[in-house]
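Please build the complex by placing chains B, C and D on the supplied structure of chain A, with the hints as guidance.
Chains as they are written, first to last, in the UniProt record's numbering: chain A, 1 to 232; chain B, 1 to 232; chain C, 1 to 232; chain D, 1 to 232.
If you are wondering where the hints come from, they were derived from the structure by calculation, not from laboratory data. Don't take each hint at face value.
Note: identical chains are not told apart, hence a pair may lie in one copy or across any two.
[Unchecked claim] No farther apart than 25 Å at their CA atoms in a straight line, the calculated lysine-lysine pairs in the DSS-like style are these:
| # | residue 1 | residue 2 |
| --- | --- | --- |
| 1 | K179 | K5 |
| 2 | K79 | K183 |
| 3 | K223 | K51 |
| 4 | K179 | K86 |
| 5 | K218 | K79 |
| 6 | K156 | K212 |
| 7 | K57 | K223 |
| 8 | K223 | K79 |
| 9 | K217 | K79 |
| 10 | K212 | K79 |
| 11 | K183 | K57 |
| 12 | K156 | K179 |
| 13 | K156 | K86 |
| 14 | K183 | K51 |
| 15 | K183 | K5 |
No experiment lies behind these values; they were computed from the predicted model shown.
The lines below spell out each chain.
There are 4 protein chains.
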Amino acid sequence: MTDYKLIRETAYEANMELPRLGLVLFTFGNVSAADRDRGVFAIKPSGVPYKELTPDKMVIVDFDGNIVAGTLRPSSDTKTHAVLYKHWDGINGIVHTHSTYATSWAQAQTDIPIFGTTHADHLTVDIPCAPPMSDEMINGDYEYETGFQIINHFKKLGYDHHEVEMILVGNHAPFTWGKTAEKAVYNSAVLETVAHMALLTRQINQQSPKLKEALIKKHFERKHGPDSYYGQ
Amino acid sequence: MTDYKLIRETAYEANMELPRLGLVLFTFGNVSAADRDRGVFAIKPSGVPYKELTPDKMVIVDFDGNIVAGTLRPSSDTKTHAVLYKHWDGINGIVHTHSTYATSWAQAQTDIPIFGTTHADHLTVDIPCAPPMSDEMINGDYEYETGFQIINHFKKLGYDHHEVEMILVGNHAPFTWGKTAEKAVYNSAVLETVAHMALLTRQINQQSPKLKEALIKKHFERKHGPDSYYGQ
Amino acid sequence: MTDYKLIRETAYEANMELPRLGLVLFTFGNVSAADRDRGVFAIKPSGVPYKELTPDKMVIVDFDGNIVAGTLRPSSDTKTHAVLYKHWDGINGIVHTHSTYATSWAQAQTDIPIFGTTHADHLTVDIPCAPPMSDEMINGDYEYETGFQIINHFKKLGYDHHEVEMILVGNHAPFTWGKTAEKAVYNSAVLETVAHMALLTRQINQQSPKLKEALIKKHFERKHGPDSYYGQ
Amino acid sequence: MTDYKLIRETAYEANMELPRLGLVLFTFGNVSAADRDRGVFAIKPSGVPYKELTPDKMVIVDFDGNIVAGTLRPSSDTKTHAVLYKHWDGINGIVHTHSTYATSWAQAQTDIPIFGTTHADHLTVDIPCAPPMSDEMINGDYEYETGFQIINHFKKLGYDHHEVEMILVGNHAPFTWGKTAEKAVYNSAVLETVAHMALLTRQINQQSPKLKEALIKKHFERKHGPDSYYGQ
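So here's chain A without its partners, still in its complex pose (with noise of 0.2 Å):
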């Protein structure tokens, strides 16, 4: 394994990452890395349990979701990476998880309302919920669909992929994704947490006010952009 290692053991790296976290149960969910000068990503073989994989075993696909090496069988959600890292620039690591929280949003088909600083730390507007897919996309090509679906809700929101690094699709799960795949792990486990808290708010006081614009605008800028004083 001389070839693609630095890809292999970047989506090894992040897919143990997630039963850490507390954000996947047995093998349901998938995190893949990707080298975007080879037009190539390493993802996790569909159904091998975490404590089984090893660098090796993450399959290398191309960007039209072709098998490029690897012996096993890729995960099943892989045509719904390629087409996220086809079609949006700057993202190398894309994340797929079945986690309680923010798959519970997506079954409810409810976007995540902006309530406080721990949302707004990381995105200014309500984590979206696309619709689910119509029958003919999802007797199609579904995965490949599925890749479509998000982008074209992205598209219809005018939201930009570089700003806001998660959505839920309706009646499935979250995906997220980011500059790397440390990041788009990350963003799944921000996802989650905003996601419990979101549920919580409401129970607590059904007309909780969402957070007022300045308040977003301010937290948002403390951790992204020019003026940015969060971290090192």
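Leaving out everything else, chains B, C and D in the frame of chain A:
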């Protein structure tokens, strides 16, 4: 212990998974593993703490509920296991737990609605809740009748136990089964997480619609049947 | 420390189980173990972190609440333990915790309804919640009166402390007891899980009916009485 | 690192307690420890993962928010800590987290009602939630103004920061403090469990009454003041 070694070890390993997966408190659960050629199954002894279990302590019982080998008293739920093995072909493992979320749906005497793909990856219908048993059945051979309550509810619903591998018994708790004891334990964990997410889904949106038919079919067939493409 | 060795060690072991079972935060709980022949019990010292406990640090107190041996101040709840040992025969262990779900039912001043067999395996009635104490009792010898509040609520309900081994004290938290300290700790864990499931049951179905009489009787008698057949 | 050794180590140890107590995800929290004689405090560097922290990495800041020693950028919330140390005597530790339940009450802009003795063991009033700040304050020196928002809300309520050692900042998250950094961390954990139980209490009984005055007084005085008898 040269005899029944394989099912003793299989049952032992499967029982030990229950506390690891957070599905049991103290001794509130049991797993059996069957050897259909010999017409027997190995089951956890009654009330023995998990940390004191060994393969040797598993009790060997036939499909009429008679003890064939073992020095300890078998699980008090043994006859329920026996009835299911006797009347349902093709299952080689059965699990009973009082896991928190699944048991709460059983106590609420409510089927778990199919709200998302996590559910549809495993079965295509609501997870059925059998009604509490009649007083006559309860005062008769209770655990034996519990087996028939399960079988009769499946008959009434027209469900195939090869396709739907889990049920709630009203006011009581869940039972799951599978081709292997390992698969039956897997089904218990899936049931628990699906039960958790279904409750949250309705808390987020009381009017959450069920999963559409095309998605149910798509996700179930990704993992099952001749055209499945999940796993290796 | 040759003296009271057995109850010191029993109380120590039982206290150490509380954090392992997730029933206490910091020092919010205490267990005692009695020696009825000598009319004393060993109890956790007040406010000492669990990781600093040793059998030697347990305080020996008589059934009137007088310190008999030990250099540390006993738990502030010591007099409640003393009253229960003095007035209720046959109990050799008492536990007090502020475990999350049981305490929430106590704060809600609500009995925990008997919704399922997990509950009926342990007691045949709703888990009682004693009303908050009168101002006179609170301003008097508070912890001593807490013991009487428990005893009087049982008298009023006509309950036998050998059959019902747990109570909630309104606005405060749960107490459990048993033939041994180990059994009392077991009861605290059972109470916590039953309290959790009862809340979820009502969230799933506000109209959840209570367990029918035949099931209550059946499950309780499986585990208790002359015809029990649970355990070894 | 001969200098500020004690507060660096105290701040380090207290910060490391946050993930152990389940109060932070990633870097979403910070603890400071003050040396009032020298008019400085040690605080966590901004955005550094807990597992990479060392006492050396703590940043030394004075009570006006100026960096005195340290090579890393301090927590983005540093000025809030500085304001509280400068204006409130007797506190030597401050904690900020985004712990799940406390933050959800903050997002719901709701005081946490005093429902039980677990709450009254620590404070005698509802846990206050300061309103979200004005746009002027947010757009000004935000973290500095957050400190004043806290101080002004206490003034308005007539609360003494020696008696009430915790607050929620509306839409944001909790702050706690204490005579030591260790005590401030303890208060954050107490707040989180009280926040969890208060939500559950209302879910069990929407009409749950608050704790009666005599019980509030009794429990607070068991642990505080000249006649306290809790602990050693």
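Hints not upheld, ascending by number: none
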